[in-house]
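Visitor: Fit chain B to the known structure of chain A by using the hints.
Line order of the protein sequences matches chains A and B.
Going by my numbering, the first sequence opens with residue 1, and the numbers climb by one from there.
Going by my numbering, the second sequence opens with residue 1, and the numbers climb by one from there.
To be clear, the hints were calculated from the coordinates, so they are not data collected in a lab.
Treat the numbers as computed from the prediction; the structure is a model and nothing was measured.
The reader is advised that the hints may include incorrect statements.
What the hints assert, rightly or not - Computed beta-carbon distance windows for the label pairs:
#1 A:218 to B:260: 49 to 59 Å
#2 B:89 to A:755: 31 to 41 Å
#3 A:93 to B:86: 55 to 65 Å
Using N, Cα and C, we set each Cβ at its ideal position, and we do this for glycine too.
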Amino acid sequence: MVSERIQNLKDEMLKARRDISLERASIYTKSYRMTEGEPAIIRRAKATAQVLAEVEISIREGELLAGNRTVKPRSGIASPEMDPYWIYEELDTLHSRPQDKFYVSDEAKKLYREELYPYWRGHSLKDFINARLTKEVKEAQETHIVNLNQTDKGQGHIIMGYRDLLSLGLGNLVDRVRAKQEKEPENVFYQAALITLEATVKHILRYAELTKTLAEKEENPSRQRELLELSRVCSKVAVHKPDTFYEATQLFWFINLAAQYESNASSISPGRFDQYMVPFYQRDRENGVQEEFIKEVLRSLWLKMNDVVLLRSEDSAKYFAGFPTGYTIILGGLDERGHCAVNDLSYLILDTYQDIRLPQPNLGVRINEFTPRRFYNKVVETIRLGTGIPQVFNDEVIIPGFLNRSVSLEEARDYAVVGCVELSIPGKTYGLHDIALFNLLKVMEVTLAEKAGEFDDFAAVKAAIKENIRRYVAYMVEGCNIVETGHRDFAPIPFLSCFVDSCLEKGVDVSAGGAKFNFSGVQGIGTANLSDSLYVIKKLCYEDKRMTLSELLSSLKVNFEDEGGEALRARLIHKYAKYGNDISEVDDIGAEILAYYCKTVEGYTNERGGRFLPGSYTVSAHVPLGAAVGATADGRKAGEQLADGGLSPMVGRDEKGPTAVLKSVSRLDNYLTSNGSLLNVKFHPKALEGQAGINKMIGYLQAFMKLKIQHIQFNIISADTLRAAQREPEKYRNLVVRVAGYSAIFIELNKAIQDDIIARTEHVF
Amino acid sequence: MRALIFNIQRYSIHDGGGIRTIVFFKGCPLHCPWCANPESQSFESEIMKLKSQCIHCNVCAGNAAECPSGALAEQGKWMSVDEVLAEVLKDSVFFNTSGGGVTLSGGEVLSQADFAAELLRQLKELGIHTAIETSGFGRWEALEGLAEYADVILYDLKIMDPEQSKKTLGADSEIILKNLAKLVDKGCRVIPRVPLIPGFTMDEKNITTISDLAQRYGLKEIHLLPFHQYGSSKYESLGRDYALKDLAVPTDEEVNAIKSKLEARGFMVVIGGG
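Only chain A is shown next, with the shape it has when bound in the complex (with noise of 0.2 Å):
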């Protein structure tokens, strides 16, 4: 049930116009005028300490949780000093443009152009990489083979870790840090830290005083005992060990509202937010609390997560629609002994996420082999809803895989999943995990080109295709490095480095090295229209001779319009089986350049010492990428999107039903991708009506689980449903479906990810 409080407050931020806000930005700027010439790192912390000093802060009607990140619902937040430029030329169509909209008044046009610009060009983040560049890296970009992410915000893709925070509380936590700066006075990383952290917690003390104003303004006095109750929390969490449930949360709150002020990124992410948060929930029922009353500090927490929208340029936007901001949370699992994780607050989780039914959380469930079977029941009903939440992670093969790249069987059993699908040791991890996709099916194309489609045999074709992998991966490390290093020295994140192992030890920011594991993920894409073709190839010109490769690249340079062109491309789609299918001769082409990709990128380091780890998710970049692709030999046609998520078969192309798919899936080899790979499967309603379907669903989820799958997602709404939103958008203004690795509304995604998700095969029976 909700109460008329959540769902006022869910009405008010759904109805509310998206606006561009550019509060941080001017104070933000106006703080680097008064500091030209300090370290980066202080600087930075000044901005941030600064923004949280002055920041219009706000307390909505009837909220039970403090913090909001902009007065207006839902506000877009403006990061010049990361790249200035599209917002420069976008000012004018932000309200306009296909993804994720944003209203901008004429005062903040005027000032951004006049004020905020001209400070930034040539000084942003953006200038900074730019600069650095080299020209194969370029080129690579250009080709569209290498797709650099975070080259215009800041570094998130980061899962704070909260256990020692919410034990010890702020304080202890500042004065660790103080002891610390005045035993390395010349360090510049604890003076940050510092900074950001006093200014957090003076921070945390202006709710205090103004939830204390508005209830001595407040006239209903149950409203009022509530306010007086906030500002309490507000006051003793400022400084001291939250004891309460609500206490907790609210101090978890802040904090992430502090980090992302500090950088205002995507996916900072909260983790396994059942574990940390449990002593909370047992002490509280212990004395006597009402579950009513954690349930309803629970929903007002979703709430909050769906109040930060991040603002991204309208080309990210397509890459990243509908706002993906990242809260993601992980439930269940496994302790650090290697029992089952799951908990009381795994299931309360689970049911309040079933009231709110919003994008955020983007609730995740970890599986294995001591799952228990109540659980998986209150997994698949809520997955039942619709919104493609939680989406399921494997436990059996993900701990494998980290132990595959030298983390310790404790720390694997606590991995936690951060923005989509990225896998990461929580509170350990600066991991870069979404920092390029890499477009294998425009490799192949660039190679087949190249040589004009004079290879000997099959065998030459993809020897071919490797060897330009393994060239475009070293230029892709190459351009990862220099974004990294992009983010050091310019835009290092102090007050988000005190809550990741082990930078306070070290002294150092976690963009330069502070984090114990240090990786960057980078996501091969395209794999299975990469099989589809080349088993086309292999086939039609290599076995039964039908056509040369050089005829059918002719034909595919025209996208099929040549005489016989239509028949053609029919023949390729009917006549030669595809990826999805369980038909292993297929998937395994596919699985062998996937491998050899992740080998490839495997050997890299990057600027901290730690290794390149390869991953196999596209968010909504299957779009794009596909638009800079020809037509293909699987019979895709010139612009058509990629098979979406990362390991999902080609749209339309599975044919043997949802169990086929997990088998070609597991072909491939899924300890490698251990930066995290996505699998979207679609059923129809029906398919889950029921305890029999759940329990049917429960046995395909236990299956995925031994076929050693990382992740799979599920869309459970009819494409007649969807088709009826696209017709009434404004009846369906609280759909919610899964994109990829995430969850958005419907009505809220463009035309061309809304018809992608209709057209993904939807399994009936």
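Guide: Relative to chain A, chain B alone:
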């Protein structure tokens, strides 16, 4: 030994428990007018043409193997036991986790009983749950051979009136009923499946006769299969007339009324099979 198979369908969740793979045998001695799989009737392979898929390229010249779009497709493939086994075992992990298995259906599996019995025997040897779906219209020896290795027998009871059965289905109901009696006698787990076809099987008398029989035999579970029109386009694809193309599907109320009546007599009723 080979059998003519027209489809092996994975992830079926309506024909026996759990996640199942169904092997459809081609050829059936009955000719039920409502048959949703008309390609299952003939004992020979045949060409189906899906008009909607044809791209009018004129490449095929009537040869299904050369049709690029898949509009022309041959129905029916002679397969060995090993071949069928290899295909159905692909989903064994799902059988294990969901309590599923393999169901042999048709057409009429009794018409290719030797092959089916061998397939079932090998499946049981691998510990896989098995079911058959049959009209019961065939030799007892053949059915007995299958019953030996089938954990569940989904047994169609369509039209109980002997004359109507003969006329409409082309089946001697006496054979069907005798076979049923023997299966029950043998202690097999039999689940009657009743297609609900307006104007053919849904009248009170027919349903009562079926439920009386089931009660007499101590059968606990009954599956109801409401008429649908999903198969109608297949008739067109085969170039055949479909007598029931205008017949309306039964309403939920009609189906639920029959369900309630059966439940009142103590049966566990599953709509669509489960």
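Visitor: Provide an ascending list of the numbers of those earlier hints which the structure does not satisfy.
Guide: Structure breaks no hint.
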